[in-house]
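Colleague: With chain E fixed as given, assemble chain P onto it according to the hints.
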Amino acid sequence: MILASIFESGVSIQFYMILASILFGIGVLGVMLRRNAIILLMCIELMLNAVNLLLVAFSTYFGTGDAQVFVFFIMVVAAAEATVGLSIIVLLFRNNRSVDIGLFNKLKG
Amino acid sequence: MSNLEIITFALGGLTIGSALMVILSQHPVRSVMYLILTFFMISANYILMNAQFIAIVNIIVYAGAIMVLLLFVLMLLNLSKDNEPKSTLSMKLAAILAGGSLMTVLVAAVKDAVVAPITEVSANQQGLVESLGQLLFTKYVLPFEISSILFISAMVGAVLLAKREKQIID
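Residue numbers (my numbering), protein chains in the order written: chain E, 1 to 109; chain P, 1001 to 1170.
Excised from the complex, chain P in its bound form:
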């Protein structure tokens, strides 16, 4: 077993462990912290797989923007362990049964999947900014422009939804 394999397996174990802590910890803020840890672990996986650009974007977008937004809303709503909604024991059992069987089926189906072997030993530079930018602004330039429309509509929607409505009391 080479060093790289040990690092990869340890990283995979840590990723699963921190993802489990997200759904098992009772305090919502602690859950967010473990999710940030999970995103950093996934970014480390990306770096191991030579996808540096995606790794950095993952940290900036997920751990930076989305998690700060989640944490901000969590603090704004002032949720704590006391008013955390609890599910009943039967619902928990059903959820664990259903989720566990889905996971078992997925892993069992994927475990023996036959994948085409690597055909050529390439220099493997497609994860860098240069080649990804080349691809993004030539082949995928239309989806790139359409995503800006998506962002504008999401922005308008968020502002419209979160705006406090005028009280109709006369």
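The shape of chain E in the complex, shown without the other chains:
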């Protein structure tokens, strides 16, 4: 079953633009507010998803599929980023016995 596009039935694109902006803002807020490195990674995922949401909204709005392929590639990169990021965090935890980002300042010299 194919639903009719919701933009033809009254919902404006501005709603999704505002929703994606708020989600992105929540992600930025989380990165600055929390000190747990794993939560920081989660907030980055949240920001990526906000961008994905906006891309899909515009893809539906203009009726082209290209943006959805782009969202697919963003998901690919996000999966690769999560694996490498998590293994770096495991490595740091092994050295410091903590995931507090305040302690990860060994490169400061």
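Please keep in mind that the hints were generated in silico from the structure rather than gathered at the bench.
Covered stretches of chain P (chain E as the covering partner; in silico rule of three or more C-beta atoms under 8 angstroms from a C-beta of chain E): (1) 1005-1014; (2) 1026-1040; (3) 1057-1071; (4) 1100-1106; (5) 1126-1137.
Values in this document were obtained by computation on a predicted structure and should not be read as measured data.
The beta-carbon is built from N, C-alpha and C at its ideal position, and this holds for glycine as well.
Modeller: Structure of chain P alone, referenced to chain E:
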């Protein structure tokens, strides 16, 4: 206000609420659970926007793979509420001020943006697997192949990083 509009607005509110709970809940495992809920809400948004393929891939990749990985690492490191690092009050205030002003500026800039109106009322089938696959394997086949190299390098990197180094004690 039509039924669809009510559903859309309620879904948007739930998405924002669960995303807020991700950064506000103190226990990391609870945070992961709320993030999974957020991803399901975003998937529901995709389905409303007729992007079925992206919705399913979002659930499989994010809620399925990445979140399980995060949860696994969280359990492996044995983090709990007691050893959760706390930030000071001044840092919290600065973060809320900076993040809140960024959000305000973004919303204010986006609110009055002029977007070109919909030109044609199409059948809107480009979110289905058939048309997306057509696009992915013709127009975007080179990035698709390059992403496999990215995956291999990420895999090698993860294995190399997480491998326990040999103790140099003689």
